[in-house]
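**Student:** Take a look at the letters that make up each chain.
2 protein chains.
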Amino acid sequence: MNIAVLGTGSVGQTLAVKLHSLDHSVFMGTRNVEKSLAKTGKDSWGNEEVGTWIKSHPEISLVTFKKAVQSGNDLIVFAMNGGAAMDCLGSVGEDLLGGKVMIDITNPLDFSNGFPPSLTVCNTDSLAEQIQRKYPSLRVVKSLNTMSHLVMVDPGKISGDHSVFMSGNDHTAKSLVASVLASFGWKEHCIIDLGDISTARGTEMVLPLWLRLYGKINDPYFNFHINSAQAK
Amino acid sequence: MNIAVLGTGSVGQTLAVKLHSLDHSVFMGTRNVEKSLAKTGKDSWGNEEVGTWIKSHPEISLVTFKKAVQSGNDLIVFAMNGGAAMDCLGSVGEDLLGGKVMIDITNPLDFSNGFPPSLTVCNTDSLAEQIQRKYPSLRVVKSLNTMSHLVMVDPGKISGDHSVFMSGNDHTAKSLVASVLASFGWKEHCIIDLGDISTARGTEMVLPLWLRLYGKINDPYFNFHINSAQAK
Chain E
6 MNIAVLGTGS VGQTLAVKLH SLDHSVFMGT RNVEKSLAKT GKDSWGNEEV
56 GTWIKSHPEI SLVTFKKAVQ SGNDLIVFAM NGGAAMDCLG SVGEDLLGGK
106 VMIDITNPLD FSNGFPPSLT VCNTDSLAEQ IQRKYPSLRV VKSLNTMSHL
156 VMVDPGKISG DHSVFMSGND HTAKSLVASV LASFGWKEHC IIDLGDISTA
206 RGTEMVLPLW LRLYGKINDP YFNFHINSAQ AK
Chain Y
6 MNIAVLGTGS VGQTLAVKLH SLDHSVFMGT RNVEKSLAKT GKDSWGNEEV
56 GTWIKSHPEI SLVTFKKAVQ SGNDLIVFAM NGGAAMDCLG SVGEDLLGGK
106 VMIDITNPLD FSNGFPPSLT VCNTDSLAEQ IQRKYPSLRV VKSLNTMSHL
156 VMVDPGKISG DHSVFMSGND HTAKSLVASV LASFGWKEHC IIDLGDISTA
206 RGTEMVLPLW LRLYGKINDP YFNFHINSAQ AK
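These protein sequence lines are chains E and Y, in that order.
Numbers 6 to 237, taken from our numbering, label the letters of the first sequence in order.
Numbers 6 to 237, taken from our numbering, label the letters of the second sequence in order.
The hints are simulated quantities; they were obtained by calculation from the structure and are not laboratory data.
Accuracy of the hints is not assured; some may be wrong.
Which copy? The list can't say, so a pair holds if one copy fits it or any two copies do.
In silico BS3-like links for lysine-lysine, alpha-carbon gap of 27 Å or less [stated by the list, open to error]:
no.	residue 1	residue 2
1	K40	K71
2	K179	K221
3	K162	K192
4	K237	K221
5	K192	K105
6	K60	K40
7	K237	K192
8	K139	K192
9	K47	K162
10	K237	K71
11	K221	K44
12	K179	K139
13	K47	K237
14	K44	K192
15	K139	K44
Build the full structure now, drawing on both the sequences and the hints.
**Tutor:** Right under this line is the structure:
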């Protein structure tokens, strides 16, 4: 497929590399290509800035958000910073987004008051719903947002079963997303379709617990597993 | 121990029976004993109303909130409806609550707009923190609030590992709660101490996901497991 990855942070980088390794053509979108190329060294999390990273990944095209969606027209992987999410989509525009399938990984985290971050939207709404309302013909599937990016693309690094959720209104879009998840190594019975896009409230609201667990476990290789195996 | 169970719904009933079976003396607290005794039949969830239930459980004393804490002075199990939580504690009073250990199972669910409920507090605060702030010398440990009451007291009904969380500021109180959890059958490595009481935001905010999963699985015997087992 031709895939747009919107977002140049560690989540976008990891997804882009994985998708390319699976023979997809990947177009990474950023607000300003020149400014992104000028970002070198490491960010505050110790991850490579995109300007440094892209030099060792010539197989990935770094282009504007709009060009990424124009070229990566089979699937949008939305891996933005929560605060920049709506601006990014605004720069792509409704016409181009219409009918596209989007895996929305973005969490509405607000780090402005330090750690732990709060959510900019939750409880009676979610970022996924905001996106879906603003772009009704975009087929949003919230998924992969409840784990480290390292687990997203390599679930086999954790032994035993663990879960990935999907929320979305469009069944065909969820089938496509499930096939992408399966190509990453997710077992079919570990992919949980929660229902419509409003169920994304639940997975976005898991982030505060995930962040506390990350602080405690101090290793990104953990995940939620929904254990419903009844004892004999 | 002498244990106060505050709340007469299915969570309180299930905990009371389990604690009595473990040779504790259980004092179930309610706002108005006469009114509770007059509640018969089944509630809207299909659970026995307390007036019916108590007749087949003469081993449990049904008393006022205040008398329950006076008699059940070793541990308070807080299993109230979220909306009635602060009124309940107000009727017990600060003097009596001071120094006590409380397992806070109550979730701040608001069903006033139907299903799914929203939370009355979340994101930058939690019900557990509200209780702890209002009663600084009460030793609040948020726990057991992320699963069905049937799983709380019988974790062995789900095969394999699954997790129970604890949040609280007082280490001695958390040790006591952990020992109670162990007596219910919780394995030591499945009891996760998340940290101080502010980490209860994370577990209370899991409820929206839990409720959607319950709607999907349609069976109370499931639970979150934090899988951090790295593949060899």
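**Student:** All hints are to be evaluated individually against the structure, with a verdict given for each.
**Tutor:** Right, here's what the structure says about each hint:
Within a single copy, K40 and K71 get their C-alpha atoms as close as 16 Å, which meets the 27 Å cut-off; across copies the closest is 64 Å, which misses it. Proximity of K179 to K221 under the C-alpha cut-off of 27 Å is restricted to the inter-copy arrangement: shortest distance 16 Å between copies versus 33 Å within a copy. Proximity of K162 to K192 under the C-alpha cut-off of 27 Å is found in both arrangements, the shortest distances being 13 Å within a copy and 24 Å between copies. When the C-alpha separation of K237 and K221 is checked against a cutoff of 27 Å, the pair qualifies only between copies, where the shortest distance is 22 Å, while the shortest distance within a copy is 33 Å.
For the homomeric pair K192 and K105, the shortest alpha-carbon distance inside one copy (25 Å) is at most 27 Å, but the shortest distance between copies (47 Å) is not. Proximity of K60 and K40 under a CA criterion of 27 Å is satisfied intra-copy only: 14 Å inside one chain copy versus 73 Å between copies. Taking the shortest alpha-carbon separations for K237 and K192, both the intra-copy value of 24 Å and the inter-copy value of 18 Å come in at or below 27 Å. In this assembly of identical chains, the alpha carbons of K139 and K192 never lie at most 27 Å apart, being 33 Å within a copy and 47 Å across copies at closest.
Proximity of K47 and K162 under a CA criterion of 27 Å is satisfied intra-copy only: 25 Å inside one chain copy versus 48 Å between copies. Neither within a single protomer nor between protomers do K237 and K71 lie at most 27 Å apart by alpha-carbon distance, with minima of 54 Å and 42 Å respectively. Taking identical chains as interchangeable, the C-alpha atoms of K221 and K44 are never at most 27 Å apart, the minima being 31 Å within one chain and 45 Å between chains. Taking the closest pair of Cα atoms, K179 and K139 come within 27 Å of each other only inside a single copy of the chain (19 Å); across copies the shortest separation is 46 Å, beyond that limit.
Proximity of K47 to K237 under the C-alpha cut-off of 27 Å is found in neither arrangement, the shortest distances being 51 Å within a copy and 30 Å between copies. In this homomeric assembly, K44 and K192 never come within 27 Å of each other (Cα to Cα): the closest approach is 37 Å inside a single copy and 48 Å across copies. Within a single copy, K139 and K44 get their C-alpha atoms no closer than 31 Å, and across copies no closer than 48 Å, so neither meets the 27 Å cut-off.
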